[in-house]
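S.K.: Dock chains B and C against chain A, hints included.
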Amino acid sequence: MQPVIITDKLTKHFGNFIAANELTFEVDKGEIFGFLGANGAGKTTAMRMLCGLLTPSSGKATIAGFDVYKETEKIKRKIGYMSQKFSLYDDLTVSENIRFYSGIYGMNNQQIRTKTAELLDELQLQSEAKTLVRELPLGWKQKLAFSVSIAHDPDIVFLDEPTGGVDPVTRRQFWDLIYHAADKGVTIFVTTHYMDEAEYCNRVSIMVDGVIAALDSPSNLKKQYATDNMEDVFYELARKAKRKAD
Amino acid sequence: MITLNNIDKTYNKGSVTALKDISFSVKGDELFGLIGPDGAGKTTLFRILTTLMLADKGEASVNGFDVVKDYKQIRNCVGYMPGKFSLYQDLTIKENLNFFAAIFGTTLEENYDLIKDIYQQIEPFKDRRAGQLSGGMKQKLGLCCALIHRPKVLFLDEPTTGVDVVSRREFWEMLKKLKRQGITILVSTAYMDEAKLCDRIALIQKGQILSIDTPANIIDSFPEKLYGIKSAKFSGVFKLLQDTRSYPGIASCFAFGDSLHATFNDSSDKRLINYLHTKGNSDVTMETITPGVEDCFIHLLKE
Amino acid sequence: MKQLIVFIKKEFLQVFRDKRSLLLLFGLPIAQIVLFGFALSNEVKNSKIVVVDYSKDAVTSQIIRKIAASKYFNIEQSMQSADQLQAAFKKGAIKMAVIFPANFALNLQHTGKASMQVIADASDPNVATTVVNYVTQIVNSYNGQLSSLSAQPLQIVPEVQMMYNPQLLGAPNFIPGVMALVLMLVCTMMTSVAIVKEKELGTMEILLVSPFKPLYIIIAKLTPNLFISIINYFIIIILSAVFLDLQVKGSLLLLTFCSILFILTSLSIGLLISIGAKTQQAAMMGSLMGMMLPTMLLTGFLFPVENMPIALQWLANFVPSRWYFIIVKQIMLKGLGIASVWKETLILLGMCVLLFTISLKKFKIRLQ
Numbered sequence: 012m013q014p015v016i017i018t019d020k021l022t023k024h025f026g027n028f029i030a031a032n033e034l035t036f037e038v039d040k041g042e043i044f045g046f047l048g049a050n051g052a053g054k055t056t057a058m059r060m061l062c063g064l065l066t067p068s069s070g071k072a073t074i075a076g077f078d079v080y081k082e083t084e085k086i087k088r089k090i091g092y093m094s095q096k097f098s099l100y101d102d103l104t105v106s107e108n109i110r111f112y113s114g115i116y117g118m119n120n121q122q123i124r125t126k127t128a129e130l131l132d133e134l135q136l137q138s139e140a141k142t143l144v145r146e147l148p149l150g151w152k153q154k155l156a157f158s159v160s161i162a163h164d165p166d167i168v169f170l171d172e173p174t175g176g177v178d179p180v181t182r183r184q185f186w187d188l189i190y191h192a193a194d195k196g197v198t199i200f201v202t203t204h205y206m207d208e209a210e211y212c213n214r215v216s217i218m219v220d221g222v223i224a225a226l227d228s229p230s231n232l233k234k235q236y237a238t239d240n241m242e243d244v245f246y247e248l249a250r251k252a253k254r255k256a257d
Numbered sequence: 012m013i014t015l016n017n018i019d020k021t022y023n024k025g026s027v028t029a030l031k032d033i034s035f036s037v038k039g040d041e042l043f044g045l046i047g048p049d050g051a052g053k054t055t056l057f058r059i060l061t062t063l064m065l066a067d068k069g070e071a072s073v074n075g076f077d078v079v080k081d082y083k084q085i086r087n088c089v090g091y092m093p094g095k096f097s098l099y100q101d102l103t104i105k106e107n108l109n110f111f112a113a114i115f116g117t118t119l120e121e122n123y124d125l126i127k128d129i130y131q132q133i134e135p136f137k138d139r140r141a142g143q144l145s146g147g148m149k150q151k152l153g154l155c156c157a158l159i160h161r162p163k164v165l166f167l168d169e170p171t172t173g174v175d176v177v178s179r180r181e182f183w184e185m186l187k188k189l190k191r192q193g194i195t196i197l198v199s200t201a202y203m204d205e206a207k208l209c210d211r212i213a214l215i216q217k218g219q220i221l222s223i224d225t226p227a228n229i230i231d232s233f234p235e236k237l238y239g240i241k242s243a244k245f246s247g248v249f250k251l252l253q254d255t256r257s258y259p260g261i262a263s264c265f266a267f268g269d270s271l272h273a274t275f276n277d278s279s280d281k282r283l284i285n286y287l288h289t290k291g292n293s294d295v296t297m298e299t300i301t302p303g304v305e306d307c308f309i310h311l312l313k314e
Numbered sequence: 002m003k004q005l006i007v008f009i010k011k012e013f014l015q016v017f018r019d020k021r022s023l024l025l026l027f028g029l030p031i032a033q034i035v036l037f038g039f040a041l042s043n044e045v046k047n048s049k050i051v052v053v054d055y056s057k058d059a060v061t062s063q064i065i066r067k068i069a070a071s072k073y074f075n076i077e078q079s080m081q082s083a084d085q086l087q088a089a090f091k092k093g094a095i096k097m098a099v100i101f102p103a104n105f106a107l108n109l110q111h112t113g114k115a116s117m118q119v120i121a122d123a124s125d126p127n128v129a130t131t132v133v134n135y136v137t138q139i140v141n142s143y144n145g146q147l148s149s150l151s152a153q154p155l156q157i158v159p160e161v162q163m164m165y166n167p168q169l170l171g172a173p174n175f176i177p178g179v180m181a182l183v184l185m186l187v188c189t190m191m192t193s194v195a196i197v198k199e200k201e202l203g204t205m206e207i208l209l210v211s212p213f214k215p216l217y218i219i220i221a222k223l224t225p226n227l228f229i230s231i232i233n234y235f236i237i238i239i240l241s242a243v244f245l246d247l248q249v250k251g252s253l254l255l256l257t258f259c260s261i262l263f264i265l266t267s268l269s270i271g272l273l274i275s276i277g278a279k280t281q282q283a284a285m286m287g288s289l290m291g292m293m294l295p296t297m298l299l300t301g302f303l304f305p306v307e308n309m310p311i312a313l314q315w316l317a318n319f320v321p322s323r324w325y326f327i328i329v330k331q332i333m334l335k336g337l338g339i340a341s342v343w344k345e346t347l348i349l350l351g352m353c354v355l356l357f358t359i360s361l362k363k364f365k366i367r368l369q
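Just so you know, the protein sequences line up as chains A, B and C, in that order. For the first sequence, my numbering begins at 12 and goes up steadily by one. For the second sequence, my numbering begins at 12 and goes up steadily by one. For the third sequence, my numbering begins at 2 and goes up steadily by one.
In isolation and in its complexed conformation, chain A is listed as follows:
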C-alpha cells in the first residue's frame, strides 16, 4: 500500500482563529477514509486544503504525490469532488451532464462517448439519457453525481455529505458504488453525519476543535471506548468540544 494523501502538521488559521491545527495523517490507495467531526470542528477547512482550494498556513501535504502549495493544478486533475449541495446541472440532461464534466477534464470526444455509455450502463440509466436531471428522483441524482465525479478516473474522490436526505435503499446503493470504486483502487475521502456510514469506512478520523482527536478503524475505536456503535464514540469525543460556535 502506498499512501496517496500524506499530511504533516498541516495547519490553517484565519487571523487568530486556528481552524485546523497540525493535522498529521496518511490515507492509502483504495482506502475508504471517513472524515468526521462536529459542525465547526474544521472539516471543511481541512478538506479544502487537501483539494487545493485553500492554501495552508503551515505544515506539509502531498495529494497523489503533488504538493498542496505549488502543484494545485496538478492535484485538481487527480481528484474528484462531490457534495450534496452542488453536483449536477438541473437544466441539462443526464448525458449532457456527463459530457460536460468529462469535457472539463480534457477527455476527447471518443473517450467521452465511451465513458457516457459505460456510466449509463453501470447506473442502468440508458433509458433516461435524454431526461433532464431536474426530473430524476433525488437518489438517482446522487448516484449519477458520484459517477460523474469519478468519470475522469481520479486517484482520490472527496465526498462531502453525499447521502443527506436519501432513502435507506438508495443510500445503500450509493455505498455499493463507493465500494465498487474503492475496489478499483480509487481512494475515497468522505464526510457524513450518518454514524452507521462511519462503519463502512476502513478508517475514520474524528476532528474536534481543529485537531484530530481520534484516528483508527471503527472496530478499534469501539473497543477503545467500550461501546458497540460509532455514535457513542463520536458523542464521547465531540461533546468535549469547547469551540461551540463556528
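FYI, nobody ran anything at the bench for these hints, they're computed from the structure. No residue lacks a Cβ here, since even glycine has one placed at the ideal position from N, Cα and C. Don't take every hint at face value.
Quick look at which bits of chain B chain A covers, simulated, 3 or more residues with Cβ under 8 Å [claimed, not checked]:
(1) 169-177
(2) 199-211
(3) 264-274
Facing chain B, a subset of chain C residues (Cβ under 7 Å, in silico) [what the hints assert, rightly or not]:
(4) Val7
(5) Gln15
(6) Val16
(7) Arg18
(8) Glu206
(9) Ile207
(10) Ser211
(11) Pro215
(12) Leu216
(13) Phe364
(14) Arg367
M.R.: Same frame as chain A, but now just chains B and C:
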C-alpha cells in the same frame, strides 16, 4: 390534537403527487415522528397542517380547529420551524427573539421559563448575528423562536438535518422536556435512527404512509428473520456483499454499519457460510439480529 | 400596533445593515444628478452670445456690462445686422442673442416699461432654457435696483423667443425625469426584493403561521422604502438646486405631496411584482423590465409622448411616471399651482389606490 382524513395533494395541476390519501391522528402530549427521505411529502404535510397550503381533498384539524376555515385560530396556537434555516441572518440572536416575540404579541420575559434551558445555551452569543452561528446553535435559536408564544402544538420540519451527532442528541433531549410541559410535537426527519426517540412514528415514502405505530410495534411486525453477517477481514466487505447477494437463497442483503443485514427466501441456510468461505471470504460469522426501524423501512419499500 | 412598530424597526435594522444596497440607493440619484450636472454646466458656462444694442444709452450699457461680467456668457461683438444673427445661429456659433430696441431708456422713463428681445437656439432645449434663465435673472435683479432708486415703478421685460424648437418639445428636462426614474426604480425594486427575500429565506412561512396580519407585513415592508425614497427625493431637490441652479419654482409642499403619492404608487407596483415573483432575481428582472423601460420610454423625458404612434400614446397613459413627470415639470420648472396639475394628481391618486387594493387582495395568506 392533530387529525388528518384522506388528505390528497398534487402539484403542477395534478401531474406530481405529493400526498396520497393520508389519514392519521396525533394525541395530546405526544411526540410524533414523520420518518421518510427527501421528497416523501413531509414538508407538504407540515404546510397543510400549519395552514400555509390547501389540500386538494380531505380534511385536517389542529387543536380542534379546521385548517381551512379556522386558519387564524390555528396560527395563534402553533409553533412552526420550517426546514430551511428561516431566521433573519442579518439580525442578532436577541433581535430575532424579540422580533418573533412581538410578532406573536408576547415578550421574551413572558414565557421565559419555557425556553430558559435552550436559551441559556446560546445566550453567551446573543449579540452575534444569526448568519454567523453554527448549525446546532441556529437550530436552538429556531426552536426558541418557535416556542416564544407558548404554542400548544409544535411543528418541526427536519430540525436535525445537517446537524452533528452531539447537537442532535441535545436537541432530542430538549424535545422530550417540552413534551413533559404538555406540548404536542410533530417532528419530521430523514434520519431513521431518530425514529426510536419518538412515541409513535409514521413511515412515509412518495406521499404515502407505509406504516404508523410505536417504534417497538413496527419492529415487532417485521415479518422475516434478519441475519447479521460479518467477516473478520474488513477490506473484503464489498466482496462479501457481492458474494452474499450471488447466493441463490438470499432475498435481500445490504450493508448495515459493521455487518451485512440479510434475509432468506425460505428459511435460514447455514450452507451460506461455507459458500462464502469457498468464495475466499475469511472467518465469516452469521447470527440472528433484531431489526431496526431502517430495516423495516427497507422492507416496507419493497412491498 | 406594537407588533407593527417592532416589525418596522426590524426592517430598518436590516436595511441599514445592508451596506451595498444603501450605497446603491443613495448613490444612484447622486451620481445621476452630478453626472448630468457637470455635463450640463460645462456646456452652459461661457456660452457665446451676441448683444445688439440699437439704443446705446446708459441703461442698456449697464445691463450689457452685467451680462458681460457673468461667467456664463462670452459676448461676441462683431455682429450688427439681423442677417448676420440668423447665419450665426444656423452655424451654431452663438447660443443666444439679446437685442435692445432703439430708445430703450426713453421708453423706460416715459412709460415705466421697456421690452428687450431674447432669442435662444432651442435645438438644445436644456441649454436654451438655462441661458435664458440666467439673462432673465440678471434683468430681474437690475429691475430690483431700478425700483429701489426711483419713485415710480420701472420694469424691463425680456421677450423670450425660442428658435428652431419653440415649444421646447423633447426637452430632456432631466430633473423631473431623473426623479421619476429614481423613485420608481428604488421603490419598485426594493419593495419587491424585500418581500421575495423573506420568501426565499423561509421566514415568510413563519410570519404567515403567526397571528401577525398580512396588512401589517405589507405596511412594515413599505415603510423603510417610503422613508428612503422621501430622503432620495430631497437629495435630488437639494442637489439640483446646488449643482444645477434649478430651484423649485412652485410650491415645495405641493411637489412633496405629489411625490409621496407617486412613491406610494411605485411601492404598490413593487408589492404586486413580489406577489408573482418567487426569487429575488425574478423580482429584480420584473422591476427592471416591467418598470424601468416604460418609465424611460413612455414617460416623455427621453422622447416626447406627443410624437409617438397612437397606440404607444395610449399605452403611456397607464404609466404612472408619465403623470408624475408632467406634475414635476409644471410645479418645479414652470412654477404652476394645484390648479394646473389637479387632473394628473387625481389620476395618480386613482392608480395608487387601485394598485394598493389589488396587491392587498392578491397578497397570499398561504404559500403555493
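S.K.: Evaluate each hint against the coordinates.
M.R.: These are the hints, each one checked on the structure:
With 6 residues having a Cβ less than 8 Å from any Cβ of chain A, the region 169-177 of chain B passes the three-residue criterion, so the hint holds. Look at the region 199-211 of chain B against chain A: 4 of its residues bring a Cβ nearer than 8 Å to a Cβ of that chain, three or more, so the hint holds. As drawn, the region 264-274 of chain B meets chain A at 5 residues by the rule of a beta-carbon pair under 8 Å; at three or more, the given contact holds. The interface hint given for valine 7 of chain C is met, as the beta carbon of that residue sits about 3 Å from the closest beta carbon of chain B, less than 7 Å.
Residue-level restraint check for glutamine 15 of chain C holds (minimum Cβ-Cβ distance to chain B is 5 Å; threshold 7 Å). The restraint placing valine 16 of chain C at the interface with chain B is violated, with a minimum CB-CB distance near 10 Å, outside the 7 Å limit. Nearest Cβ of chain B to the Cβ of arginine 18 of chain C: about 5 Å, under the 7 Å cut. The hint holds. Using the Cβ-Cβ criterion of 7 Å, the hint placing glutamate 206 of chain C at the interface with chain B is satisfied: the shortest such distance is roughly 5 Å.
For isoleucine 207 of chain C, the interface hint holds, the least distance from its beta-carbon to any beta-carbon of chain B being 6 Å, beneath 7 Å. Taken as an interface hint, serine 211 of chain C checks out: its beta carbon lies about 5 Å from the nearest beta carbon of chain B, inside 7 Å. Given the 7 Å rule on beta carbons, the hint for proline 215 of chain C is violated: about 11 Å separates it from the nearest Cβ of chain B. Because the closest C-beta pair between leucine 216 of chain C and chain B is about 13 Å apart, greater than 7 Å, the hint is violated.
Among the interface hints, the one on phenylalanine 364 of chain C is violated; its C-beta lies about 14 Å from the nearest C-beta in chain B, farther than the 7 Å criterion. Below 7 Å, beta-carbon pairs count as interface contacts, and arginine 367 of chain C has one with chain B at about 5 Å; its hint therefore holds.
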